[in-house]
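In order, the protein sequences belong to chains C and S.
Take 1 as the starting number for the first sequence in our numbering and just add one per residue.
Take 1 as the starting number for the second sequence in our numbering and just add one per residue.
None of these hints come from the bench; they were simulated from the model.
Positions of the beta carbon are idealized from the N, C-alpha and C atoms, including for glycine.
Possibly wrong hints are sitting among the right ones.
Unchecked claim - One-sided and incomplete, this derived list gives chain S residues near chain C with beta-carbon spacing under 10 Å: (1) Phe41; (2) Ala45; (3) Arg47; (4) Leu49.
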Amino acid sequence: MSLTGWIADRIPVSGDQLRELTNEPVPNHLKRWWFCLGGTPAYLFVVQIVTGILLAFYYQASPDSAYESVRAITEEIPFGWFVRSLHKWAATAMIASVVLHQMRVYFTGAYRRPREINWMIGMCLYAVHARQFHGQSHSLVYEQLSYWGATVGANIAAGVPIVGDFMKQMLLAGPEYNDNTLPRFFLLHAAAMPGAMVALIAIHVALIRPRA
Amino acid sequence: MSTTPHDNAPATRDPDSRRSFLGRSAGWLMGLGLVGGYGGFAAIAARFLFPRGGRDRTWVYVARVTDVAAGSSIDFRAPDGQRIAVARRAAGAGADAFVALSSTCPHLGCQVHWESKNARFFCPCHNGAFDGEGTATAGPPKEAGQSLPRFPLEVRAGLLFIEVPVPVRRS
Numbered sequence: 001m002s003l004t005g006w007i008a009d010r011i012p013v014s015g016d017q018l019r020e021l022t023n024e025p026v027p028n029h030l031k032r033w034w035f036c037l038g039g040t041p042a043y044l045f046v047v048q049i050v051t052g053i054l055l056a057f058y059y060q061a062s063p064d065s066a067y068e069s070v071r072a073i074t075e076e077i078p079f080g081w082f083v084r085s086l087h088k089w090a091a092t093a094m095i096a097s098v099v100l101h102q103m104r105v106y107f108t109g110a111y112r113r114p115r116e117i118n119w120m121i122g123m124c125l126y127a128v129h130a131r132q133f134h135g136q137s138h139s140l141v142y143e144q145l146s147y148w149g150a151t152v153g154a155n156i157a158a159g160v161p162i163v164g165d166f167m168k169q170m171l172l173a174g175p176e177y178n179d180n181t182l183p184r185f186f187l188l189h190a191a192a193m194p195g196a197m198v199a200l201i202a203i204h205v206a207l208i209r210p211r212a
Numbered sequence: 001m002s003t004t005p006h007d008n009a010p011a012t013r014d015p016d017s018r019r020s021f022l023g024r025s026a027g028w029l030m031g032l033g034l035v036g037g038y039g040g041f042a043a044i045a046a047r048f049l050f051p052r053g054g055r056d057r058t059w060v061y062v063a064r065v066t067d068v069a070a071g072s073s074i075d076f077r078a079p080d081g082q083r084i085a086v087a088r089r090a091a092g093a094g095a096d097a098f099v100a101l102s103s104t105c106p107h108l109g110c111q112v113h114w115e116s117k118n119a120r121f122f123c124p125c126h127n128g129a130f131d132g133e134g135t136a137t138a139g140p141p142k143e144a145g146q147s148l149p150r151f152p153l154e155v156r157a158g159l160l161f162i163e164v165p166v167p168v169r170r171s
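The following block holds chain S by itself, in its conformation from the complex (with noise of 0.2 Å):
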């Protein structure tokens, strides 16, 4: 194999030179791209894989006891958009006479409303219902066995409060 001036074998090059000093430029320059490349990789995979401790739940506030009457309900919307319905069945001053249904049809998520003739939760989009508990009655929800959501509702003071989820925070 002979030697050429364009051969790579910096053994006997002059520490000092511009084209040492360049080299080394080079050099530190790829390891830094390589460092911050695959270390950044390497944190964006640790924030990946760090567990998220489930779906956040919070409870809010929804109306005073006193200011619903009993059989009438209240169109409540969450902190994160979705519509609840929230209706009392009962005089009793409890959280049991209130019950909190979700008025997104789990079927194909329309929105459902109150047929107070009916007695029932109705979906325009493929005549689906369900009954005051949100158990399906007909259409495809019932096909399928799904029923409305129900939320946990607490009354503290004489205050109604409604367990929902927290709005998801997207990266």
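So here's chain C without its partners, still in its complex pose (with noise of 0.2 Å):
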């Protein structure tokens, strides 16, 4: 039996089908470059993830190493400074082209009924990368800016009533900064908030196609 033969038979999944699911008509108005910023973010976030793993396996989330590990990545390790820049600025790049998409979204009207709710998680989307992101990444880097960035964050969410005092706590791992914060900043920065951002991109994304 043949390779294809062998594969076809446990996957059976034909070519012709793929071909009818992908060549599905597009109608013309979404043939706008317009369009595409909401694709565009979706692709910087893969770019995100792709040179935030590559960066954290050089990177050192200890108050002793993280300054110097960031030093080394971006001064010694061959095309570090790149893998680094790749990173910094798909982040900035993403917020550009998020508050693009958002503003096709309203000037289309495409936040009106029946899509609310996508409208929402988007801005869930938003709230999560713009506000925890930015603040996190420049907390990880371990310098003046970092402790300050991170004091001031928390001192905002200090101002909440009710849970601003346990949100602040929750954040710096305590009453203030300390040597839990930078671990606690860095596991926010790299393995909770992708997660939660994978999950309501997927749940954005299906969203799109039962209404259109």
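Bring the two chains, given one by one in their own frames, into a single complex with the hints.
Pasting the structure below:
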């Protein structure tokens, strides 16, 4: 039995079926470039995951060595400066393209019934990415800006009525900045938040179809 | 769904037509672009991940043992540019008679110098001081417990050698 036959026997999806699925006609108004602005941040998110995994091979989330490990990535490890720049600029470009995507949805009225839930999920995605990601990523470099960025961010959280102090303590792993803060920020940045974003993006994209 | 001439259904197109040729060429060009782009990034990622095998160090010649009088010191410049004070503490001919200390203050990187009347290394930036062994005795380095880094020395056939880091090659 040939190899393709062997595979086809186990994965019963034919090329024709795939072609029918992917060559589905797209309404003409969707072929304008500004309808790509949702896919752009999705692609940049993949870039962030790939470069983020690469950076995590060398980054050390410990108060003693964090700054030195970032310096080594930037100055000594081959192409480290390139990978780190890609990670940073993909994040910046992602914010820009998400804002443009939001404007497209707003001006074409695509946030209205029946798509309100997807608008809300989109706003959650924007909040998670813009607020948490950027606040945390400063803090990982472990310079002066990192300390004050984390402190100011936590104090903003503390300003929320009733749950404010709880949120500040959850962020900083204590009443103020301490040795456990950096590992916490690192795992929020590199595991918890990306996980939440993958789940939200999956729902965001899945909800396009039923109401298209 | 109506079929218009602009519909993207290439099923019945003549394979020898100019349009098919251009379409195929564009497909190949895009394919090459994708392979080049992602292949290039894969190569960069592999280079990024390949271990460097620690910091490379090498032995470098400093001076003839007989040329350095006991009590005097040499301002040695390592291949990576850092200044190292190599001093002879005793008359012995072995490496034990010498000490090699970095001249860069561990506090903020200023250059320290030897003050013979106070028998100490002094950093003028923040009044840091170190004894003859490089241990901090005053100023910010003392508070932080930071000493001057020491370098290994060796005497071979009457010649003094020092082990220093190899200059970092940037990619």
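Contradicted hints - numbers only:
none
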